[in-house]
Structure formats: structure tokens, C-alpha cells
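Student: Going line by line, the protein sequences match chains H and P.
The numbering used here numbers the first residue of the first sequence as 54 and each following residue consecutively.
The numbering used here numbers the first residue of the second sequence as 1082 and each following residue consecutively.
A portion of the hints provided could be inaccurate.
[As the list claims (entries may be wrong)] In silico contact screen, one side only, chain P against chain H (beta carbon under 7 Å); selected entries:
no., residue
1, 1096
2, 1098
3, 1099
4, 1121
5, 1124
6, 1130
7, 1131
8, 1132
9, 1141
None of these hints come from the bench; they were simulated from the model.
We put the beta carbon where it would ideally sit given N, CA and C, even for glycine.
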Amino acid sequence: MKTNFHRRYSSGPNQRKWLLYAITALVLGASMLLFFRSTLVSLSSPVWKGQNFVSLGIKNLFALIKDKDELVEENTVLRERLVSYEATLLALQTLESTQLEMLRIFGRSGNEDFVAAGVLVHPPETPYDILIVDAGEEDGVIEGSMVSLPEGGALGRVTEVYENQSKVELYSGSGVETNAYLERHNVSIKLIGRGGGSFELELPRDIEIKEGDKMLLPGVESELVGVVSKVMLEPTDSTKKIIVRGVGNINSVRFVSIH
Amino acid sequence: MRVWYTILVLAMTITMPFWIYLPLIFIGIIMFPFYIESVFLGLLVDVIYGGAIDNILFGFPFGLAGAVLTLSAIPLRKRLRFNT
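Take these sequences, add in the hints, and give me the full structure.
Tutor: Written as C-alpha cells, this is what we have:
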């Protein structure tokens, strides 16, 4: 009896040819796209602006056709929340002026100069924890500048500056390490980005930490970088794992300040 | 078909969330023989959306993944007999 076996796909000349094609495509493509990186971002920028404009318009349209009773209810809730926020704001303003006064006494001024920028791209359009903002070299943005939410809270740093756009790497980017300290005990920590706007860290089990504890960046500004959202501790562990939620929602951030 | 598909994915790369365009690139690899365009699409994602590239070899994870998957799909496609 004669048995026919399928030929196994060993690395024949064809496979080597494909491998060569793939490597060439990778090398050529990478060098070409890297060379035109700034142009690509500039060309995509009007598309992103248009897309943001359209999505905002659609959101507003849906808000217009909302049910009247629902709107009245929402309005009442928002008014109540506003009263509460106004009280908090007053307290914070007092604290801020005290902080500025202290900084002045010590010969340090607060970060009053900043560049306001609109966010063109944010996750989930990008698979990385990256923002592309519409302010660049012409607006005075420099590499390494810190990026915060307008209402406060550090988001990340500018890593690339183009003519009219900049790329911001978020502190929460996967594997990004950020030095910070735990407000409760002034303990120095290293936050490790997990992507998706969150961080993780490990602390000895003896250090007391609770959900809602704040993580601040070192420096006189002490900007908020995250809030503890989960503490995981097994009875046999010598350390506890802490999950920290970054400030704001990176999936819907529209404006940032760069300083 | 192949060219139109690539143009569609390219447009989606600029406008849609990653969980739409990345699976589409993968589907292209399965659908078309030796879909080398996936390497360029992956590289485009890395270059436009990626951070600073410190390591030239691992600085393009999606481009590299595109190349590896395209090569892996060649014997797989033959075994699956897509073309017959």
C-alpha cells in the first residue's frame, strides 16, 4: 500500500523569500515613517479636529432631545452638586492662597505660566497611554514639560514636540515608573503604570493605607497623581499590592494645561 | 478588494478606537495571502500613537507583530486551504 503524506512546510526558498520581504518592509517602513513622523501627525490633525467637532455635535444633539423630566431631574442634582463644589472650592482657594504665600516667603513662585491645549487624540483611539494635543513648538511647548488637567492633577510629560502638536506620555503608561509619595505618611513610592489610567505599587504590609489615599508628585507643587482605589493583601504576604487610579478620565479628557 | 480593505483600515486607524482597527488588521492577515500591508499599518500605529522610541528593535511592537503574524499566517493559510 502506498501512503501519501503532506509535505511539511520547512524553511524552503519561498519561506526565506517571504522572511526577507517582511524584514525589508519592517526596516524600510520604520525608517520611512519615522522620518515623516511629524508630517503624519500634522496631516492627521485636521481629521482628529473634525472628528472631535462631530462627536461633540452628536453629544449636544442627544442632549437636546433628552426627555424634559429627565433634564429637570438632572438639573436639580447638578445644582445640589454645584453648591457642594462651591463650598469645597472656597476652602481650596483659601488653602491655595496660603500655599502661594508660603512659596513666596521661601522665594519660590507657583507655576503660573502654562499653555492651554486641546486634546486631539486620547485612548481608546491610541492603544498606548498617549495624548496628542494641539499645542506645539510655536505655542512654546518644550519637551519634558509637565501636563496637568485644568482643574489640577498631573497626567504626564511631553515627550515629543512638533510644530503645532505635541505628544504626551501619561504617567499611567504601561511600565512607566513615576516617583511619588503617599500623602498619609509621606512615604516615598514608585508608581508603575499599568495602562488605562491606572498604576500599581507594592508596599510593606505594616504601612497603613486605605482606599481614597492620595499619591502626590514630589516638589513644591505636590500635584495629585492618583488616588488609591484598591488594596490587596493576603494573610501570608509580606507586602500588599495597591491599585491606584489616575486623576480624571483619560478617555474623555478634552483640555490640558502644559507647564 | 485588498487595496480597498487597506484604505478602509488606514482610515479607521486615524479615526476609530484601537479595539476596532487592530482586529481589522489581524483579519486582513487571515483573509489575504502574505498581507505585508499589516506591517505598514502596524508601524503607522506605532509611529503616530507610540511614545518616544528608545529601542529600535522593540520600539515598534505593532509593526513587529504584523510581520511575525504575516509570516506565521503563510503555512497556516496553506493548511486551512483558503485558496482552493
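Student: If you check each hint against the structure, which ones fail?
Tutor: none
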